[in-house]
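Line by line, the protein sequences give chains X and Z. According to the numbering used here, the stretch in the first sequence is residues 1 to 412, in order. According to the numbering used here, the stretch in the second sequence is residues 413 to 501, in order.
Treat the hints with care, as some may be off.
Claimed, not checked - Here are the simulated lysine-lysine pairs, BS3-like style, with alpha carbons at most 30 Å apart:
no.	chain 1	residue 1	chain 2	residue 2
1	X	K62	Z	K464
2	Z	K423	X	K62
3	X	K217	Z	K439
4	X	K38	Z	K498
5	X	K286	Z	K464
6	X	K217	Z	K423
7	Z	K498	Z	K464
8	X	K61	Z	K493
Said to hold, decoys possible - Far from chain X, by Cβ distances over 12 Å, these chain Z residues were calculated:
no.	residue
9	T414
10	V419
11	T428
12	D432
13	E433
14	S436
15	K439
16	D451
17	D454
18	H489
No lab work stands behind these hints, which were simulated from the structure alone. Virtual Cβ for every residue (Gly too), placed ideally from N, Cα, C.
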Amino acid sequence: MNSLPRIVITGIGLCSPNGSSLAQMRQSLLTGRSGVRKWSIRHVGETLAGVCEFDALRWQKKKELRRGTRAGSISIYCAGEAFADAGLKPAELERSRIGVYIGTTEHGNVETENQIHEVAQYDYDLSFWSHHHNPRTVANNPAGEVTLAFGLTGPAYCIGAACAAGNLGLIHGAQLLQLGEIDQAVGGGVSESIHTFGIFASFRAQGALASHPIPEKASRPFDRDRNGIVVSEGGCLYVLERLEDALARGARIHAELVGWHVNSDASDFVLPLAERQNECMRGALKRAELAPEEIDIVSSHATATPLGDQQECEALRSVFGDSARTHVNNTKSFIGHAMGAAGALELAGNIPSFEDGWVHPTINLDNLDPACEVRNLVANKPKELGRVDHILNLSFGMLGINSAVVLRRFQG
Amino acid sequence: MTREEIVESIKDIIRTIAPDEELSGLKSDVRLRDQIALDSMDFLDIVMELRKRYGVQVPEEDYKELATLDGCVAYLHPRLKDRPAKVGV
């Protein structure tokens, strides 16, 4: 056992295509409610996306909403909800000791595309290029908007980690708490990617953009008829604290963050690698001092691309093939791929299982791809496990970044 | 545009840029920034909107002329008197 402080989750704020609170999202995951719908965006036309419907004015004013970005707005909503869930009011805290660490897959594409579209109306006269472009597109924009909204004066920045970013925000917050750099961390991930046509066009060019006549059926990890990714927006930020601080103030503890690992494939720009994913899972288990047989739920990353799902399942078979206790699910089948938010959001969807004892399924699994066969894959209907002690959450991203997080039911 | 239309147009632009502000009591001879929350980025938004709506280019050295509603009218009326108003665009 290492001697570093124990880290716990005391607040969760999220917006998902199928719910604007953890309770709503959990209800959707247990009742099979998708958040994927038809979506239209310039140059691409009709496509599909996971779209959020949170109250953007709950934690920010109209002017801030107008001036900022969608990623900033999502971040502010999630941070406000997370503080409220944690029973904390930033104004009553030492605000220089709160760190904000927000994972993003990309940031700035939305505003850049908008500006190019705008100046194109004026024959590319750059006197029509907005002075808001730079503050909206700087890589720390979402985290910076959170500091402005809540008057936070501690370290706040974004972590670019492709689709592993949501886990990275959480991990980074935990590490800085352990180092004593801060007293509360707001960590997780956000995505505004459905508002950039480029991401849809690029996935389409790559043959990796999902299509289906029924939107709710389009995101189908592990299914033989899967045909790619449904792009989604969303966000999930956690309030993290050192255990002793949380106990001292009598905070409600959602879970303890006991393990994590981050590594890199160093093999390809886009293709995943089972071997490194395997190492990533094992690294997280090692830090948590757990055997594979002690993990109850693996929240898989699978995005419904043919090769990606197969590689992940190969890694899962290697690590968990002998574990009768471990169940595997997938949240993207409900909400699509929330990019920088995915890791944090998918983990959140599973956290209530510590209380309710159920594991939500992967939906839209009509014909299992034989290459995606893994033990205890929970298909289409939730399953009651009775007691859940450990969850492993996986998130992988382009350029070969892998991340894994292990949560433990809080036991004092 | 008449002087009254210019006032309404400026208010319409401010309503877009500062949507949380109450504009009904704005005094025409007091600096706008002393009456409502407007910062330099907002001011640049006003200049941009004038450019988009009316094709008026306000050079930086003239920004001070737009400090009050009266100042806006004095500066813009000679430049806009032959143009139709565009409110709510």
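Hints, verified against the model:
| no. | hint | result |
| --- | --- | --- |
| 1 | X:K62 x Z:K464 | holds, 22 Å |
| 2 | Z:K423 x X:K62 | holds, 17 Å |
| 3 | X:K217 x Z:K439 | violated, 58 Å |
| 4 | X:K38 x Z:K498 | violated, 34 Å |
| 5 | X:K286 x Z:K464 | violated, 60 Å |
| 6 | X:K217 x Z:K423 | violated, 48 Å |
| 7 | Z:K498 x Z:K464 | holds, 10 Å |
| 8 | X:K61 x Z:K493 | violated, 35 Å |
| 9 | T414 | holds, 27 Å |
| 10 | V419 | holds, 21 Å |
| 11 | T428 | violated, 8 Å |
| 12 | D432 | violated, 5 Å |
| 13 | E433 | violated, 8 Å |
| 14 | S436 | holds, 17 Å |
| 15 | K439 | holds, 21 Å |
| 16 | D451 | violated, 10 Å |
| 17 | D454 | violated, 8 Å |
| 18 | H489 | holds, 23 Å |
Violated hints, listed in ascending order, are 3, 4, 5, 6, 8, 11, 12, 13, 16, 17; each of the other numbered hints is respected by the structure.
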